[in-house]
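Chemist: The residues making up each chain are set out below.
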Amino acid sequence: MIAKLTPTLLKSTLNVTVNLPTPTSLDSWQQFYKNITQIGIFLIAAMFSDTVSREVSRRTLVPFAARGLARSAVLVAKYLMGLILWGGSVLLAFGVTWGYTRYYFPDSLAKHPVLGLLPLLLFGLLLVAVTLFGSTLTSSGMGGFFTVVAGYVVMALLSLVKPLKAGLPLRLVADNLAVVRGTMPLGDLALASGVTGGLTVLFLLAAIAVFSQKRL
Amino acid sequence: MRNLVELHDISKRFGAKQVLDHLTMAVPEGSIYGFVGKNGAGKTTTMRLILGLERMDAGTIMFNDAPAGDPHPESFPTIGYLPDVPTFYDDMTPREYLTLAGQLAGMRGAALADRCQTVLKLVGLPSDRRRIRGFSRGMKQRLGIAQALLTEPQLLICDEPTSALDPSGRNDFLALLASLRHDMTIIFSTHILSDVERVADHVGILNGGQLQAEGTLAELRQRYARPRIAVQMADALAAGQAATALGGPATAAGARVDVPYAGEAAAAMKMVMQALAAADLIPVALAQQSTTLDDIFMEVVKWPTCGSSSIRNASLLGAATGFSCLASFSCSSAWKVP
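Same order as they appear, the protein sequences are chains A and B.
Those letters in the first sequence? Residues 0 to 215, by numbering that gives the first Met the number 0.
Those letters in the second sequence? Residues 0 to 337, by numbering that gives the first Met the number 0.
By construction, these hints were calculated from the structure, which means they are not laboratory data.
There could be a bad hint or two in this list.
[As the list claims (entries may be wrong)] Sample of chain A residues with no beta-carbon within 10 Å of chain B, all distances over it, derived:
| # | residue |
| --- | --- |
| 1 | Lys10 |
| 2 | Thr21 |
| 3 | Thr59 |
| 4 | Gly87 |
| 5 | Leu163 |
| 6 | Ala173 |
[To be verified] Computed list of lysine-lysine pairs in BS3-like fashion (alpha-carbon distance at most 30 Å, straight line):
| # | chain 1 | residue 1 | chain 2 | residue 2 |
| --- | --- | --- | --- | --- |
| 7 | B | Lys37 | A | Lys213 |
| 8 | B | Lys120 | A | Lys213 |
| 9 | B | Lys139 | B | Lys120 |
| 10 | A | Lys110 | A | Lys3 |
| 11 | B | Lys301 | B | Lys16 |
| 12 | A | Lys110 | A | Lys33 |
| 13 | A | Lys164 | A | Lys213 |
| 14 | A | Lys164 | A | Lys33 |
| 15 | B | Lys139 | A | Lys213 |
[Said to hold, decoys possible] A few chain A residues facing chain B, derived, Cβ under 7 Å:
| # | residue |
| --- | --- |
| 16 | Arg57 |
| 17 | Arg58 |
| 18 | Leu215 |
None of the values given here were measured: they were computed from a predicted structure.
The beta carbon of each residue, even a glycine, is placed where N, CA and C say it ideally should be.
Based on the provided sequences and hints, a complete structural model is requested.
Modeler: This is the structure in structure tokens:
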């Protein structure tokens, strides 16, 4: 949107004409994925960061646990809630982006915008699981957030090792534009998707194991 | 009377601290069981073990004549718990919170709505749109008990429910507990012994990780009774002289002299008066003091290794001014009426 409006703004305020490359729908989608991966992911992690630690520190779960509510049920419910939060936010942002991209950039450069979204949604499964694990593991309200940051840094470092790069979950939020553009088939992300699924289950089980030992 | 809850040889350690050491106790069905002990004695730990919120190191818990696991979910629907500081989701209304609690316990529909209304009325909370955030401590305590009573439990466990309430709130809460007598079995821990005396019919005194004394109030009074005669003198000087004249176990505090005795109260009072008259001392007042739970508690926790048997086996050590002085080796002393 800014790219679209900048030449007009410069002309009307400074009375100068600047020759900028014409923005396309791909620029719009690139901005969407940048926003989600650079801000959105960490915003969701921060919002969801104290989901378990707050309950433990405030002892709000005690009456329910004393009445037999299974701890695993608590975590699964929170996980599903996290997924709804993630999915809802991403789909809302996607819908808004879709709308203004169609309106302002009616080109056909973005061939598979929906396919490009799928890896991002899949990445959310792991994101929420890691946040939940961090929130269960620590008593700090920011435990979930910092666990996600640490995980992100570890994946970024591992991505420097070429043989590992193809299977890193980070690819699910790095190669979306290539899928949108149609230059990368979704199948190329199969390994990264499998690893993401496996890690999600692992982190969820670890969170349940830690939580079952936690003193409420 | 059948026991609803039985704990056998329960041990629990936190790090280096042995909190419970082969604790054995029984809670009779239908009783209000006052669970008393000093701060840190292990009352909360014991309750949390019964609830399955802690894992015991050793021992067994029986609930309803069946061994309870660790934790023991099969017993849950029949236990209600009021923690010492109940906490809630503050942005909910009481009705929303109770509905959530009921749904998590498997209650549904109109039955749940009716039950929420009933318990809110029982504890005197309004069923309006006010958020829990704005509630006073007393109101939160009421909501806590409403939550605990929601599923009509067979056993209600309250952890120091009155410790942070003002006198009026305490009074209301104890009245509520008393009104539940016969509807359910209640265990409530406290260090406010007058609360126990007021509503409990059974008492357990926890000390050193073990139950040092257990029984009805009457049984404990009988077992640990240390009847005293309180002699009020004109001033502290006279009280000191009176204590000297009475000798042995008599102790002076301010203008008052406490004289423990064993035997008939009337005869002991007569002897005290005779001893004072012989010393030319005139008391302002003379009164027989009954044994309170405070006295029993102090007796039990002061000498943890010294139970009632050692008091019963006390030796006759000597006599003074015509009275026999009964004294144990380390625990107790009293005037003995011949």
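Chemist: For each hint, tell me whether it holds in the structure or not.
Modeler: Consistency of the hints with the structure:
Even its closest Cβ contact with chain B, about 50 Å, leaves Lys10 of chain A beyond 10 Å, as expected for a residue assigned away from the interface. With a closest Cβ-Cβ approach of about 49 Å to chain B, Thr21 of chain A is found to remain outside the 10 Å limit, as its non-interface label requires. For Thr59 of chain A, the non-interface assignment is contradicted: its Cβ lies about 5 Å from the closest Cβ of chain B, within the 10 Å cut-off. With a least CB separation of 20 Å from chain B, Gly87 of chain A remains clear of the 10 Å interface cut-off, as annotated.
For Leu163 of chain A, the non-interface assignment is confirmed: its Cβ lies about 41 Å from the closest Cβ of chain B, beyond the 10 Å cut-off. The beta carbon of Ala173 of chain A is kept farther than 10 Å from every beta carbon of chain B, the shortest such distance being approximately 38 Å. Between Lys37 of chain B and Lys213 of chain A, the direct Cα distance comes to roughly 26 Å. Compliance with the 30 Å bound is thereby established for this hinted pair. As the CA atoms of Lys120 of chain B and Lys213 of chain A are separated by approximately 35 Å, the hinted pair breaks the 30 Å bound.
Between Lys139 of chain B and Lys120 of chain B the alpha-carbon distance is near 14 Å, which keeps this suggested pair within the 30 Å criterion. A C-alpha spacing of about 20 Å is found between Lys110 of chain A and Lys3 of chain A, which places the hinted pair at or below 30 Å, so the restraint holds. Between the alpha carbons of Lys301 of chain B and Lys16 of chain B the distance comes to roughly 20 Å, so the proposed pair stays at or under 30 Å and holds. For the given pair, Lys110 of chain A sits about 19 Å from Lys33 of chain A by alpha-carbon distance, which is consistent with the 30 Å threshold.
Under the criterion of a C-alpha separation no larger than 30 Å, the hint pairing Lys164 of chain A with Lys213 of chain A is inconsistent with the structure, at around 36 Å. For the hint pairing Lys164 of chain A with Lys33 of chain A, the CA-to-CA distance comes to about 20 Å; that is within 30 Å, so the pair holds. With a C-alpha separation of about 25 Å, the suggested pairing of Lys139 of chain B with Lys213 of chain A holds against the 30 Å cut-off. Evaluation of the Arg57 of chain A hint against chain B yields a held restraint, the C-beta minimum of about 5 Å falling below 7 Å.
For Arg58 of chain A, the interface hint holds, the least distance from its beta-carbon to any beta-carbon of chain B being 5 Å, beneath 7 Å. Because the beta carbon of Leu215 of chain A sits about 6 Å from the nearest beta carbon in chain B, less than 7 Å, this interface hint is met.
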